[in-house]
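*Asks:* Take a look at the letters that make up each chain.
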Amino acid sequence: MEIIEAILDTLYFFYDCLPILVEGLEITLITSVASFGLGLLIGSVIALLRVAKIRFLHYILTAYVEIIRGTPLLVQLLFIFYGIPIVFGIKMPSLVVGIVSIGICTGAYQSEMIRSGIQSIPEGQIEASQALGMTKWQTMQFIVLPQALRMVIPTLINEFIMVTKDTSQLMVIAIPELTRRASWIVYRTFKPFQVFGIVGALYFVMAYIASRLSKYIEKKYRIRGLIR
Amino acid sequence: MANDIVLRVKDVYKSYGDLEVLKGVSLELRKGETVVIMGRSGVGKSTLLRCINRLIEPDAGEIYLGNTKVTGTGIDITKIRRRIGMVFQHFELFPHLIALDNVTIGLTKVLKLPKEKAKELALKYMDKVGLMDKAYSHPAELSGGEKQRVAIARALAMSPDLVMFDEPTSALDPLLVGEVLDTMEELAREGLTMLIVSHEVGFAKEAADRVMIMNEGKIVEEGPPSLIFSDPKHEFTRKFLKRILH
Numbered sequence: 480m481e482i483i484e485a486i487l488d489t490l491y492f493f494y495d496c497l498p499i500l501v502e503g504l505e506i507t508l509i510t511s512v513a514s515f516g517l518g519l520l521i522g523s524v525i526a527l528l529r530v531a532k533i534r535f536l537h538y539i540l541t542a543y544v545e546i547i548r549g550t551p552l553l554v555q556l557l558f559i560f561y562g563i564p565i566v567f568g569i570k571m572p573s574l575v576v577g578i579v580s581i582g583i584c585t586g587a588y589q590s591e592m593i594r595s596g597i598q599s600i601p602e603g604q605i606e607a608s609q610a611l612g613m614t615k616w617q618t619m620q621f622i623v624l625p626q627a628l629r630m631v632i633p634t635l636i637n638e639f640i641m642v643t644k645d646t647s648q649l650m651v652i653a654i655p656e657l658t659r660r661a662s663w664i665v666y667r668t669f670k671p672f673q674v675f676g677i678v679g680a681l682y683f684v685m686a687y688i689a690s691r692l693s694k695y696i697e698k699k700y701r702i703r704g705l706i707r
Numbered sequence: 100m101a102n103d104i105v106l107r108v109k110d111v112y113k114s115y116g117d118l119e120v121l122k123g124v125s126l127e128l129r130k131g132e133t134v135v136i137m138g139r140s141g142v143g144k145s146t147l148l149r150c151i152n153r154l155i156e157p158d159a160g161e162i163y164l165g166n167t168k169v170t171g172t173g174i175d176i177t178k179i180r181r182r183i184g185m186v187f188q189h190f191e192l193f194p195h196l197i198a199l200d201n202v203t204i205g206l207t208k209v210l211k212l213p214k215e216k217a218k219e220l221a222l223k224y225m226d227k228v229g230l231m232d233k234a235y236s237h238p239a240e241l242s243g244g245e246k247q248r249v250a251i252a253r254a255l256a257m258s259p260d261l262v263m264f265d266e267p268t269s270a271l272d273p274l275l276v277g278e279v280l281d282t283m284e285e286l287a288r289e290g291l292t293m294l295i296v297s298h299e300v301g302f303a304k305e306a307a308d309r310v311m312i313m314n315e316g317k318i319v320e321e322g323p324p325s326l327i328f329s330d331p332k333h334e335f336t337r338k339f340l341k342r343i344l345h
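For the record, the sequence lines run as chains A and B. Under the numbering used here, the first residue of the first sequence carries the number 480, and numbering increases by one thereafter. Under the numbering used here, the first residue of the second sequence carries the number 100, and numbering increases by one thereafter.
Bear in mind the hints are in silico, worked out from the structure with no lab data behind them. All values derive from a computational prediction rather than experimental measurement. Don't take every hint at face value.
Straight-line distance between alpha carbons at most 25 Å, and here's what the computed DSS-like set of lysine-lysine pairs gives [to be verified]:
#, chain 1, residue 1, chain 2, residue 2
1, B, Lys-208, B, Lys-218
2, A, Lys-644, A, Lys-615
3, B, Lys-178, A, Lys-615
4, B, Lys-178, B, Lys-218
5, A, Lys-615, B, Lys-211
6, A, Lys-615, B, Lys-208
7, B, Lys-317, B, Lys-338
8, A, Lys-644, A, Lys-694
9, B, Lys-130, B, Lys-178
10, B, Lys-130, B, Lys-168
11, B, Lys-178, B, Lys-216
12, B, Lys-223, A, Lys-615
13, A, Lys-615, B, Lys-168
14, B, Lys-178, B, Lys-214
15, B, Lys-332, B, Lys-304
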């Protein structure tokens, strides 16, 4: 009897927490999608610029990628959050700071993924398109990118999953996303085991959906007859 | 006479560091001619073809396609390349496109033909190489010989002044060589201007108007196949032919 009571108690507790957590989940999703999208934009541009081998840009972009990869996201986040108001004298909403920070970070990683995809396309493909009379950009657009992007879809979706989990670090700049809200509830109720349990499950469900989506997209865009 | 010359290559040089690959190659191709270039691997045959459409930048020399200058600065090479078809040893079909679209992509993106017109033309050339039934297959679903025939259709559809073949049968299963050579022979008969790097003696005898023998970055001997194969003048040609004819 006691066990059933305990289970019911827990269920009621979950039910009570849920509205607060779902709001947090919304913010987590919005920040994930927005910063991943920003990262995809940054990553694609940087990958293309690095492949184009423009000398003076090359050093700047390499430095960017190396610095981002070599420092923790949490440090980048705090640096931007406290740094921008000091250096530029403007205060941006923390949600914007969060999205931009994670965007800059994942952008560096995504640029490397896209670049490796582009560089994996054999030289002969480029020769064949140029021999047809395509310009460099046409070759990139119609021959290289369609093949390269197909190849990096799984890695990019994996990066999206990483980003959704990374957004939990936004709690340090007071964005009321999922993990921050969970800690509110824990402070009030002192039930960390149950609360972080649900939160973990919610992250897991997001990641799981994304990875199923990845399989679906991969299948949909698979090149017929080509075994990879 | 001068204006039936499709391709004129004059004193082309190319080195990679200390390695001199082309040491002053000159040749002329008349309209409708089929010329086969032979020579040991590594003597610069592929480099020569790639210099002609400037996939590789020659160090010195002049190249003309008809009356158009190919070499030199300030030339829009993409405009010239669309007039020179190229068929590669490893086919280089675009794997993400079906066979038909491998042919149409140059028509729609480079020549800017409307989609319907491009498809019509592409189907015509797929039919010409005998692959009407494979038009909607992806390259990975085709045999080597079929891939190379699609590659030929891709080159032909652009209505080029000249088609270059870089060892088009070297990567093929011996059983599949015939179908590609048959297609090429037919094109030769129809009067397509072709510059072919190949080791297929039988094909050269049958279809070539002239054979050129290349050694150490130069063309050492050239002439009609009947002459080159039966009575070679140059010492190298004799040794080389002995090895491949045996």
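*Asks:* The structure should be examined with respect to each hint, and the outcome stated for every one.
*Replies:* Hints versus structure:
| no. | hint | verdict |
| --- | --- | --- |
| 1 | B:Lys-208 with B:Lys-218 | holds, 13 Å |
| 2 | A:Lys-644 with A:Lys-615 | violated, 38 Å |
| 3 | B:Lys-178 with A:Lys-615 | holds, 13 Å |
| 4 | B:Lys-178 with B:Lys-218 | holds, 22 Å |
| 5 | A:Lys-615 with B:Lys-211 | holds, 16 Å |
| 6 | A:Lys-615 with B:Lys-208 | holds, 12 Å |
| 7 | B:Lys-317 with B:Lys-338 | holds, 16 Å |
| 8 | A:Lys-644 with A:Lys-694 | holds, 20 Å |
| 9 | B:Lys-130 with B:Lys-178 | holds, 20 Å |
| 10 | B:Lys-130 with B:Lys-168 | holds, 17 Å |
| 11 | B:Lys-178 with B:Lys-216 | holds, 20 Å |
| 12 | B:Lys-223 with A:Lys-615 | violated, 28 Å |
| 13 | A:Lys-615 with B:Lys-168 | holds, 21 Å |
| 14 | B:Lys-178 with B:Lys-214 | holds, 20 Å |
| 15 | B:Lys-332 with B:Lys-304 | holds, 17 Å |
Hints 2 and 12 from the list above are not met by this structure, while the remaining hints are.
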